[in-house]
Amino acid sequence: MTISLIQMALLTMLAAVTVAIIRQRNLFGVVILAGIYSFLMASVMILIDAVDVAMTEASVGAGISTVVLLATIALTGSKEYPSVRRSLVPLFVAAVTGGALIWGTFPLPRFGVQESAIHMHVAPEYLQHSKDHKMPPNVVTAVLGDFRGYDTLGETTVIFTAGIGVMLLLRGRRRRLKENGKSAGKGTA
Amino acid sequence: MSQLTPLIDHFNYFTTIFLMVAGLYIVIARGNMIKKLVGLGLFQTSVYLLYLTPGKIVEGTAPIIDPRFQVYSNPLPHVLILTAIVVGVATLALGLALVVRISEEYGTIEEDEIFARGEDE
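Protein sequences appear in the order of chains A and S.
Mind the numbering: the first sequence is residues 12 to 200 in the numbering used here, read in order.
Mind the numbering: the second sequence is residues 16 to 136 in the numbering used here, read in order.
The following block holds chain A by itself, in its conformation from the complex (with noise of 0.2 Å):
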């Protein structure tokens, strides 16, 4: 009881700092409440007994996510203008969907019921191995690593790949201000 309290509490201040994200025309602004919005997110999941999920969250969401962003306000500006297109358009496809997606939640099995589809597939399974097979007491762990060990590969790589492709598009950066800074007096990029 209390902890679903608890729950409704938290869900209700991610959707109001949703809506302040949403208003915030100071892209620093926006960056610390994104910030605020996974740790928030972190504390539902916890909640919901994602452990793992929830200290990845605040540690990637909140921490590396959050210094990313800083680095490119830092470099780009944090004035966000007032956009000049009028914002009916993107209103009405957001209310069409988001009606359309709670229509589909009808039909879904009802919160944290033992017996829904989602816990009859393999996920007992993979609790009974690890028991069986002396894994590591956290099956979340014996899962990443082993029994879907090759998503996890796929993930490294998906990783590296972006790690090359940040480096690629930042790698001529300093020559590049140098160059445009003897040309045009002041670097101005």
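Derived from the structure by calculation, the hints contain no laboratory data.
One thing to keep in mind: the hints can contain errors.
[As the list claims (entries may be wrong)] Partial selection, computed: residues in chain A whose CB lies under 10 Å from chain S: (1) Ile33; (2) Val42; (3) Ala45.
[As the list claims (entries may be wrong)] Some chain S residues judged to face chain A by a derived CB distance under 7 Å, without partners named: (4) Val114; (5) Glu125; (6) Ile129.
Ideal placement from N, C-alpha and C gives every residue a C-beta, glycine not left out.
Knowing the structure of chain A, use the given hints to seat chain S on it.
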């Protein structure tokens, strides 16, 4: 507890959908590229919640084997979302690197100004 449970599960899904739609709105309606990427992040995070919510069992506990507990929540969505979070920050970094390059090239990160410049030339 049983009285409130139907409300809770719907509340969970409704908040998830609200966050998702808010992210979609930011991506479509805002011209600033950093704000767009933050909106994309909101959308992504709401998907995490969408995956994790059905994995929870009310009487269960976190999936860490211990003789004192019998019922565990579903570990599979947790694994999938761990992967998704890490891939998400990788794509965010790539997108922001693109934004830095665009800002160097055009001197602005507002989409409307970049489009206007393209029409002038």
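Hints versus structure:
Because the smallest distance between the Cβ of Ile33(A) and any Cβ of chain S comes to about 6 Å, under 10 Å, the interface hint for this residue holds. Interface restraint check for Val42(A): the shortest CB-CB distance to chain S comes to about 7 Å, inside 10 Å, so the restraint holds. With a least beta-carbon distance of about 5 Å to chain S, the hint placing Ala45(A) at the interface is held under the 10 Å criterion. Look at Val114(S): its Cβ gets to within about 6 Å of chain A, closer than 7 Å, so that hint holds up.
Proximity of Glu125(S) to chain A holds as hinted, the smallest CB-CB distance being about 6 Å (cut-off 7 Å). Against a cut-off of 7 Å between C-beta atoms, the interface hint on Ile129(S) is violated, since the closest Cβ of chain A lies about 12 Å away.
The structure does not agree with numbered hint 6 stated previously, though it agrees with all others.
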